[in-house]
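Build out the structure end to end from the sequences listed, making use of the hints.
Residue numbers (the working numbering), protein chains in the order written: chain A, 1 to 325; chain B, 1001 to 1101.
Since the hints were made in silico from the structure, they are not lab data.
Positions of the beta carbon are idealized from the N, C-alpha and C atoms, including for glycine.
Each hint should be verified, as a subset may be incorrect.
What the hints assert, rightly or not - Okay, the calculated beta carbon distance ranges per label pair:
1) B:Thr1004 / A:Trp282: 46 to 56 Å
2) A:Trp282 / B:Leu1054: 47 to 57 Å
3) A:Thr237 / B:Leu1054: 18 to 28 Å
4) A:Gln79 / B:Gly1063: 50 to 60 Å
5) A:Met82 / B:Thr1004: 46 to 56 Å
As the list claims (entries may be wrong) - Chain B residues, not near chain A, derived (Cβ > 10 Å throughout):
6) Ser1022
7) Arg1068
8) Leu1069
9) Val1073
10) Pro1086
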Amino acid sequence: MNTRLPLTVLTGFLGSGKTTLVRALLRQPGFQRTAVIINEFGEIGLDHDLIASSREDLMALRTGCLCCAMHGELAETVQRLMAVGGFDRLLLETSGLADPTPILQTAIVDPYLAATVDLTTVVVTVDALHGPPVLQEHDAARRQVALADRVLLTKTDLVTDSGAQATQAVRALRPDVLLSPSIHGNVAPHLLFTPAMPSTDWLALLHALPTARHTHDATITTVSLRLDTPLHAVTLTLFLQALAENCGPDLLRVKGLVALRESPETPAVVHGVQHVFYPVTWLDGWPSEDHTTRLVLIGRRFDVEWLALLLHTIEAEVAQATSLP
Amino acid sequence: MDDTAQAILRGALRAWGTLNDSMFLTLDDTREATAIRDAAGHVIASVRRQTSPLGWVWSVRLGDRRERLLPSVVTALRYLRSHLCPERAVGQVLFGPGEHP
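Pasting the structure below:
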């Protein structure tokens, strides 16, 4: 049984509506028993003054960019909140300039956090008005969208196309991500606190992804790999290592459902942020008739044909080595 | 010539951000190996894949150094990258402890 507190990471570029969203959520009954951690950038924090809460003790405030000074601060903050008690979920609002990667990695690998919180979902706000140029010009904004489980499109009431351009800009980076509108922060709390894609539902979205996308530039893209035959377990770990080594900082996120030769009826779930991975878990069985291995890779400079060839080559080498007399 | 080995190398150089920038690929003089050349056309590495009693191995020669046999594509790319792109940031896979560390 999972006894950890659900943690939602709310991120989005400067001015994209994160604080408006939190302010609106705090007024909703469904938002009770939620501790909010606000990470502001700059010496003078304003966001916390803009948010009124009936439980000030459930709001932890930090200055400085969390992604730049992650060492233990998030764990300490959560520890302080746990000592206060009285809540059953956490919302971490990042600075608009934050790269969420180290925050997510810390939640995965820090022993205290790993035992205490369950990183449920990453929600990213994208401004329908300024979002398209921001995503074009700012790498931090693209990285935020790259890591999103759900994107909330804000300020759609300020544009004439109802956010079509912003939707297109997001879809260009993440054709698989879930998109919901959020006007004046009006959004159902469950969109932030339930997994955007419960269990392996996100795999259904793979069908929407181009399977032969061929990209060599520095743009963030989402590619998918599909294999019909089960892999050796060691192939999976070698491939992840090869990705981490050869793609380095260009690798942003990996998600996958993998058929392993050692346990073909219980697929392995792989989920990582850059080179840091959740412990591999196994499903009791395949969620559908489709028993193929499916991996989704999000990052830069990805060449899907090379990635597929690398995986096949590693598997061929492992198969050859393990079949030796 | 081994098309797979060449395609692996081409993709790796692209992933490292060096293909057609500071490095490019040709066949080497024996036409059995793939040569990695610098922008001036000098061979900086020569790579071929061959069979051995242990299965496939990768033969890598860096410049004038002695040829080395690497046991897998992963180790061959690691060896090449550490010499050709030593400044490039490299990730090491790390698994989180999960709920019960």
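Going down the list of hints, with the structure as the test:
no., hint, in the structure
1, B:Thr1004 / A:Trp282: 46 to 56 Å, "violated (32 Å)"
2, A:Trp282 / B:Leu1054: 47 to 57 Å, "violated (31 Å)"
3, A:Thr237 / B:Leu1054: 18 to 28 Å, "holds (19 Å)"
4, A:Gln79 / B:Gly1063: 50 to 60 Å, "holds (53 Å)"
5, A:Met82 / B:Thr1004: 46 to 56 Å, "holds (53 Å)"
6, Ser1022, "holds (15 Å)"
7, Arg1068, "holds (17 Å)"
8, Leu1069, "holds (14 Å)"
9, Val1073, "violated (5 Å)"
10, Pro1086, "holds (12 Å)"
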